[in-house]
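As they're listed, the protein sequences go chains A and B. Following the UniProt record's numbering, the numbering of the first sequence begins with 1 at its first residue and continues without gaps. Following the UniProt record's numbering, the numbering of the second sequence begins with 1 at its first residue and continues without gaps.
Any given hint could turn out to be false.
In silico DSS-like links for lysine-lysine, alpha-carbon gap of 27 Å or less [what the hints assert, rightly or not]:
(1) A:K66 with B:K224
(2) B:K224 with A:K262
(3) B:K220 with A:K262
(4) A:K262 with A:K234
Honestly, the hints are just simulated from the structure, not real lab data.
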Amino acid sequence: MPGPYKETDLTERVEAFLSDLKRGGTGAGPLRGSAETARETTALLRKITAQARWGSAGDLMEIIRKEGRRMTAAQPSETTVGNMIRRVLKIIREEYARSRGSSEEADQESLHKLLTSGGLSEENFRQHFPPLKANVIEAINELLTELEGTTDNIAMQALEHIHSNEVIMTIGRSRTVEAFLKDAARKRKFHVIVAECAPFCQGHEMATNLSKAGIETTVITDAAIFAVMSRVNKVIIGTQTVLANGGLRAINGTHTLALAAKHHSTPLIVCAPMFKLSPQVRDYSKVRILSKVNVHCPVFDYVPPELITLFISNIGGHAPSYIYRLMSELYHPEDHEL
Amino acid sequence: MNNEELVEYFRDQMRKDPDMASAVAAIRTLLEFLKRDKGETILGLRESLMSATDCLTGVDSSVAVSSGGELFLRFISLTSLEHQDLSRCKKVMEERGELFLEKISMSRTKVAKLCHTFIKDGAKILTHSYSRVVLRVLEKAAAEKKRFSVYVTESQPDAAGQHMAEALRKLNVPVTVVLDAAVGYVLEKVDLVIVGAEGVVESGGIINKIGTYQMALCSKAHNKPFYVVAESFKFVRLYPLNQQDVPEKFKYKADTLKTAKNLSEEHPIIDYTPPSLITLLFTDLGVLTPSAVSDELIKLYL
Numbered sequence: 001m002p003g004p005y006k007e008t009d010l011t012e013r014v015e016a017f018l019s020d021l022k023r024g025g026t027g028a029g030p031l032r033g034s035a036e037t038a039r040e041t042t043a044l045l046r047k048i049t050a051q052a053r054w055g056s057a058g059d060l061m062e063i064i065r066k067e068g069r070r071m072t073a074a075q076p077s078e079t080t081v082g083n084m085i086r087r088v089l090k091i092i093r094e095e096y097a098r099s100r101g102s103s104e105e106a107d108q109e110s111l112h113k114l115l116t117s118g119g120l121s122e123e124n125f126r127q128h129f130p131p132l133k134a135n136v137i138e139a140i141n142e143l144l145t146e147l148e149g150t151t152d153n154i155a156m157q158a159l160e161h162i163h164s165n166e167v168i169m170t171i172g173r174s175r176t177v178e179a180f181l182k183d184a185a186r187k188r189k190f191h192v193i194v195a196e197c198a199p200f201c202q203g204h205e206m207a208t209n210l211s212k213a214g215i216e217t218t219v220i221t222d223a224a225i226f227a228v229m230s231r232v233n234k235v236i237i238g239t240q241t242v243l244a245n246g247g248l249r250a251i252n253g254t255h256t257l258a259l260a261a262k263h264h265s266t267p268l269i270v271c272a273p274m275f276k277l278s279p280q281v282r283d284y285s286k287v288r289i290l291s292k293v294n295v296h297c298p299v300f301d302y303v304p305p306e307l308i309t310l311f312i313s314n315i316g317g318h319a320p321s322y323i324y325r326l327m328s329e330l331y332h333p334e335d336h337e338l
Numbered sequence: 001m002n003n004e005e006l007v008e009y010f011r012d013q014m015r016k017d018p019d020m021a022s023a024v025a026a027i028r029t030l031l032e033f034l035k036r037d038k039g040e041t042i043l044g045l046r047e048s049l050m051s052a053t054d055c056l057t058g059v060d061s062s063v064a065v066s067s068g069g070e071l072f073l074r075f076i077s078l079t080s081l082e083h084q085d086l087s088r089c090k091k092v093m094e095e096r097g098e099l100f101l102e103k104i105s106m107s108r109t110k111v112a113k114l115c116h117t118f119i120k121d122g123a124k125i126l127t128h129s130y131s132r133v134v135l136r137v138l139e140k141a142a143a144e145k146k147r148f149s150v151y152v153t154e155s156q157p158d159a160a161g162q163h164m165a166e167a168l169r170k171l172n173v174p175v176t177v178v179l180d181a182a183v184g185y186v187l188e189k190v191d192l193v194i195v196g197a198e199g200v201v202e203s204g205g206i207i208n209k210i211g212t213y214q215m216a217l218c219s220k221a222h223n224k225p226f227y228v229v230a231e232s233f234k235f236v237r238l239y240p241l242n243q244q245d246v247p248e249k250f251k252y253k254a255d256t257l258k259t260a261k262n263l264s265e266e267h268p269i270i271d272y273t274p275p276s277l278i279t280l281l282f283t284d285l286g287v288l289t290p291s292a293v294s295d296e297l298i299k300l301y302l
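The whole structure should be built from the sequences, with the hints applied where relevant.
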């Protein structure tokens with residue numbers, strides 16, 4: 001029977017993904033980057049849309065929400081999983097609205113809507129539209145194409161921001177920043193200082209990769225960040241998550257770097273693709289005990305939006321105060337809590 | 001409905017439900033005015049509504065009443081654009097008006113739901129004067145079994161802070177009343193500051209009881225988060241750049257405006273807090289950064 005076979009195949013895929021997430025650790029770890037996680041999550045959601053049994057948009061959203069809750073519970077620090085689920089939920093809402101012929105503008109809460117709406121509309125997504133499945137899958141495919149191009153789109157903007165003979169500082173290892181700097185190195189000559197970011201010292205790997213691309217690189221310890229900052233022209237960093245208020249959740253040591261940059265009035269540029277944008281506002285610091293001595297070693301830092309100069313994402317450059325706007329374009333307010 | 005009836009109805013609404021925001025009472029009064037209006041044209045309706053709003057601001061000069069009135073006027077304009085015929089238009093307006101009132105009566109609950117998660121267990125909160133929205137937020141946090149303590153400023157000249165402290169004691173929340181001058185002194189003990197707002201201006205700043213600006217400056221200096229809780233009907237189309245830019249009609253109580261000979265000798269009862277000092281605004285439209293406020297206003301008044 002094709003029906004039950006598909007179901008077990010699907011559940012197997014989901015289980016495999018969940019155990020992978022649990023083992024994988026954080027996105028900055030060696031096993032997988034967050035871009036990969038985002039792509040795998042979206043591919044899995046496409047599979048669920050194609051193979052699971054659902055009659056109306058409401059059913060599909062319920063299924064995806066349920067799976068989404070399990071996925072986010074498996075690895076809470078990997079926010080890209082939750083972000084992709086919210087993107088897909090918004091896609092479903094949009095396709096449903098388009099099938100019904102109404103505009104999606106009506107969804108957003110606003111003062112205007114408060115004054116002009118005709119009734120307390122409770123959209124329950126129960127109508128059945130046959131072409132909905134195909135439309136949703138097509139939209140998810142578009143999302144996947146977007147995801148594949150993010151690093152390149154960000155790297156393309158490198159030449160506008162990096163000039164010859166500049167000294168750039170970065171911290172730890174970010175695949176996005178690596179691509180960004182390598183792209184600029186094709187036409188410009190500049191110097192990079194990498195803070196090693198103890199205790200995992202991913203900065204070392206970053207420095208090796210950059211020097212293989214022909215960029216002059218220096219590795220410094222985290223304690224030397226402030227001392228060296230006066231010689232630096234720009235700070236370019238990646239991040240694990242971009243929060244709704246324009247702040248960051250980034251590898252530990254980033255807050256120090258940001259404060260040093262602010263003190264020296266050095267611009268701080270964050271290279272982050274749009275799938276890292278998360279509707280959370282608060283900072284949940286993750287704490288891991290590393291050894292038998294009770295040392296609290298936080299994995300992530302919260303960087304407030306006042307310390308950030310510019311966000312470079314795959315759709316262009318934005319100020320931190322604009323992030324809330326991008327949030328409303330990517331996610332629906334009702335999906336903020338899965 | 002003439003002016004006396006209007007004022008009487010307004011005062012009645014405020015008396016019946018002391019928990020109601022003054023803007024909501026104003027909108028209710030204007031809706032009642034609309035229902036009883038015998039005008040024949042939409043333009044005439046608008047004019048009589050405008051004079052009714054003026055009359056109400058003569059009774060209660062707060063920013064909230066003015067913003068509520070303007071919102072209602074906007075509501076009328078938007079509705080009249082859709083229906084040309086007056087009687088149909090009035091019917092639609094009345095229905096939508098009731099719906100609008102229903103929605104905004106739920107706005108405080110929405111705000112409380114958003115804000116209480118920011119109050120962590122064991123937090124020490126500082127607040128200013130008496131705000132019903134802040135009270136509702138703290139009620140919700142207490143209902144979620146969070147343990148926190150509150151410092152309230154006395155907030156002269158009307159000692160409204162004492163009233164707030166009373167209400168909090170009834171909720172079994174440990175509360176301390178401090179002098180207005182002691183804000184800087186107490187801030188090192190405090191984890192976060194939450195205040196209400198009488199009006200939220202276009203820049204994302206707020207207009208609130210005098211002393212709020214001071215509190216915001218001190219929190220910035222101490223690096224403590226400064227949160228504002230306000231319902232969306234308080235958004236007002238003003239863009240003050242400094243304290244002098246706030247119109248005089250809001251700065252003093254309605255009676256003072258009528259009787260005082262020389263306003264410069266009177267003490268203003270509100271001040272303006274610029275958006276750079278505010279961390280986040282909690283409204284029924286969601287958690288907004290100050291830059292998002294002007295977006296909302298543009299969407300409404302465009």
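Hint-by-hint comparison with the structure:
Proximity of K66 of chain A to K224 of chain B is assessed by CA-CA distance (about 37 Å); at most 27 Å being required, the pair is judged violated. For the hint linking K224 of chain B to K262 of chain A, the alpha-carbon distance of about 18 Å falls within 27 Å, and the restraint holds. Note on K220 of chain B and K262 of chain A: the hinted pairing holds, with a Cα-Cα distance of about 16 Å set against a maximum of 27 Å. For the hint linking K262 of chain A to K234 of chain A, the alpha-carbon distance of about 11 Å falls within 27 Å, and the restraint holds.
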